Amino acid sequence: MSVLAPAPGAAEVYRDPARQARVRRRARRDALVGMASLFGFVIVVSIVVSSSPGWPAVQETFFNGQEFISTFPGLLEAFWLNVRIFLVAEPLILIIGLLVALARTLRSPIFLPIRVVATLYVDIFRGVPTILVIFLLGFGVPALRIEGMPKDAVFWGTAALVLSYGAYVAEVFRAGIDSVHPSQRMAARSLGLSLFQTNRHVVLPQAVRNVVPPLLNDFISLQKDTALVAVLGPIEVLRRAQIDASSTFNYTPYVGAALIFIALTIPMTRFADWIQSRSRSRRRAGGTS
Amino acid sequence: MNSAILSVRGVWKSFDEHPVLRGIDLEVGAHQAVVLIGASGSGKSTLLRCMNGLESVDAGTIILDGDVDVTGFDTDLDVVRRRIGIVFQSYNLFPHMTVLDNIALAPRKVLRRGRAECDDQARGLLARFGLEAKAGEYPDRLSGGQAQRVAIIRALAMEPEIMLFDEITSALDPLLVGEVLDAVRELKSGGLTIVMATHEMTFARDVADQVCFLQGGVVLEQGSPAQIFESPGEPETQQFLSRLPH
Numbered sequence: 001m002s003v004l005a006p007a008p009g010a011a012e013v014y015r016d017p018a019r020q021a022r023v024r025r026r027a028r029r030d031a032l033v034g035m036a037s038l039f040g041f042v043i044v045v046s047i048v049v050s051s052s053p054g055w056p057a058v059q060e061t062f063f064n065g066q067e068f069i070s071t072f073p074g075l076l077e078a079f080w081l082n083v084r085i086f087l088v089a090e091p092l093i094l095i096i097g098l099l100v101a102l103a104r105t106l107r108s109p110i111f112l113p114i115r116v117v118a119t120l121y122v123d124i125f126r127g128v129p130t131i132l133v134i135f136l137l138g139f140g141v142p143a144l145r146i147e148g149m150p151k152d153a154v155f156w157g158t159a160a161l162v163l164s165y166g167a168y169v170a171e172v173f174r175a176g177i178d179s180v181h182p183s184q185r186m187a188a189r190s191l192g193l194s195l196f197q198t199n200r201h202v203v204l205p206q207a208v209r210n211v212v213p214p215l216l217n218d219f220i221s222l223q224k225d226t227a228l229v230a231v232l233g234p235i236e237v238l239r240r241a242q243i244d245a246s247s248t249f250n251y252t253p254y255v256g257a258a259l260i261f262i263a264l265t266i267p268m269t270r271f272a273d274w275i276q277s278r279s280r281s282r283r284r285a286g287g288t289s
Numbered sequence: 001m002n003s004a005i006l007s008v009r010g011v012w013k014s015f016d017e018h019p020v021l022r023g024i025d026l027e028v029g030a031h032q033a034v035v036l037i038g039a040s041g042s043g044k045s046t047l048l049r050c051m052n053g054l055e056s057v058d059a060g061t062i063i064l065d066g067d068v069d070v071t072g073f074d075t076d077l078d079v080v081r082r083r084i085g086i087v088f089q090s091y092n093l094f095p096h097m098t099v100l101d102n103i104a105l106a107p108r109k110v111l112r113r114g115r116a117e118c119d120d121q122a123r124g125l126l127a128r129f130g131l132e133a134k135a136g137e138y139p140d141r142l143s144g145g146q147a148q149r150v151a152i153i154r155a156l157a158m159e160p161e162i163m164l165f166d167e168i169t170s171a172l173d174p175l176l177v178g179e180v181l182d183a184v185r186e187l188k189s190g191g192l193t194i195v196m197a198t199h200e201m202t203f204a205r206d207v208a209d210q211v212c213f214l215q216g217g218v219v220l221e222q223g224s225p226a227q228i229f230e231s232p233g234e235p236e237t238q239q240f241l242s243r244l245p246h
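Chains A and B supply the protein sequences, listed in that same order. Reminder that position 264 of the first sequence reads as 264 in the working numbering, one-by-one numbering, no gaps. Reminder that position 84 of the second sequence reads as 84 in the working numbering, one-by-one numbering, no gaps.
Honestly, the hints are just simulated from the structure, not real lab data. Check the hints yourself; a few may be wrong.
Okay, the calculated beta carbon distance ranges per label pair [claimed, not checked]:
hint, chain 1, residue 1, chain 2, residue 2, range
1, B, GLU186, A, ARG200, 26 to 34 Å
2, B, LEU241, A, PRO213, 46 to 54 Å
3, B, GLU230, A, PRO213, 55 to 63 Å
Every beta carbon over 10 Å from chain B, so not counted as near; a handful from chain A, in silico [to be verified]:
hint, residue
4, PRO150
5, GLU171
6, SER246
7, LEU259
8, ARG280
This one's a predicted model, so the numbers in the text were calculated from it and none came from an experiment. Ideal placement from N, C-alpha and C gives every residue a C-beta, glycine not left out.
Using the sequences and the accompanying hints, generate a full structural model.
Here it is in C-alpha cells:
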C-alpha cells in the first residue's frame, strides 16, 4: 500500500482509501446492472403485450387518449366525494377503534356488558364483507322509514365504512396495547397509579406509537374502499367512470379512476414506509423524539 | 425493635402447581435494612412482589404498620403501593417520557401535586444522586447504572415508608453496580426501611441489619450479617455461601 495509515489512535475515523475506491466501484457497477436489467424487462413486457393479437382492441378500449381527456375532469370532480367520505370516516374510525379496544381490556365484572358488546361488534363487523355492510345499511335502514332517520346514501355508506373499519382498527389498537410489555404496567401500578392512569399515561402512549404503521396501512385501504359506496348510487369516482364507460362502451374512464386512486395512495404508502423505517432506526439508535 | 413496620406471617404462594413460597414468616423493623439471600428460584422476588400486592398470596397475611393487611380482599392496593415502593431488576422506566417526567408522573397524578412542585422535587432528587444533568434525557440514552438510579428516584419521589429492591444490580455491567449500591447505602443512612433481594454479599454484610436466607420457599435461617456470614447454623446456608465467588 502506498497510502500510509495513521498510527493507532491518531485519528478519530480512518478508512483505507483503496478499500473505499473498491466499495464505490462496486456500488456503481451494481447500479448499472440494475438499470440495464430493469430496462430489458420493460422492453420484453412491452413487446409481449403489444404483439399480442388482442392488443389493438384493448388499446382502443382501455387506453383511448381522447376518451381520457374528455372524462378525466369529471372523474376528478367525482373523486372529491371520495375524499370527503374518507375525511369524515377516518377520525370516527380512530375514535371507535380506540374506545372498543379499551372496552375489551376492562376486567371489572361490572363492565361485562360493555366488554360483551365490544367483542360482538368486532366479531360481527370483521366477519362480514364491507360491501355487504354497505348494502345492508344503505338499503336496509332507510327502508325502515323511521322518522328523522337520514335516507342519504352517502351517509349510510360512510356509516358502513366506519363500522367495518372501526372493527379492524380496534383490533390494531388492541394488538398495540398487548405489545406494551407487562412490566410497564407493573411499574406504573407499583407507583400507585390507578388502572385508568396507567392506561392513560403509560400504556396507551406506547401502544399508539407501536401501531402507527399498521394504522396507516388501514388508512390506505380505506381510501380505496370509499369506492364501494358506489353500489348505493351516489356519484363518486367509480360510479362516474361506470356512467361514462357505459355511455360510450369505452373503458378508459376506469383506468382514469385507477390512476386517481394510485396518485393518492402511493404518497401515502411512501409516507407509511418512511414512518416505519424512522421508528425502526430510532429504536436502533436509541434516540430521542 | 418489637414494632415491625411490615410483618409477613405464614405466606404461601404457588404458580399453578409449582410452589414458590411455602410458609414465609418475616418481620421488618422500621428503619431496618433486611437483605434476602438465596439461590435463584428460592422465592425472593415473589416475596417482594407479594409485599406490595403485585402478586396475590394463596395463604397468610402481610401486615403493614400494624393495621393494613396487604393481602386483604378489600385493601386498596393503590394506597399500599404509595407507602411501599419497589425497584425492579430491569428498571422498567417509561421509555416515552423524559427522566424528569418518569419521576414526576406518579406524584403529580397519584398525590395530585402541582407540576412545578413535582418537577422541583424530581430535580432535587436527581441532584442528590448526581444525575441532575439527565433530567431532560429519555431512558434509552442512560447507562444501566443511571437508569437504575432513576428508577430508585422514581420510587422515592412517592415518599414511601418502605422500599423493596428486587435484584436491582443483577442486570448491570459489573462496573456500574457500585453507583447503584451507593444510592441504596445513601437511602439506608437516611433512615428508610429497606427490603432487598440481592446476590451482592459484600454489600449485604456491609449494610444489612438482618439477613434472611431463603431456600425452598421458606426462611431457612435469619440473623445479623455477622451471624449468617461468619457462623451460619444450617448446613444449607453454609453450602450456599461457600458456592459463591469471593
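Violations among the numbered hints, reported as their numbers in ascending order:
none
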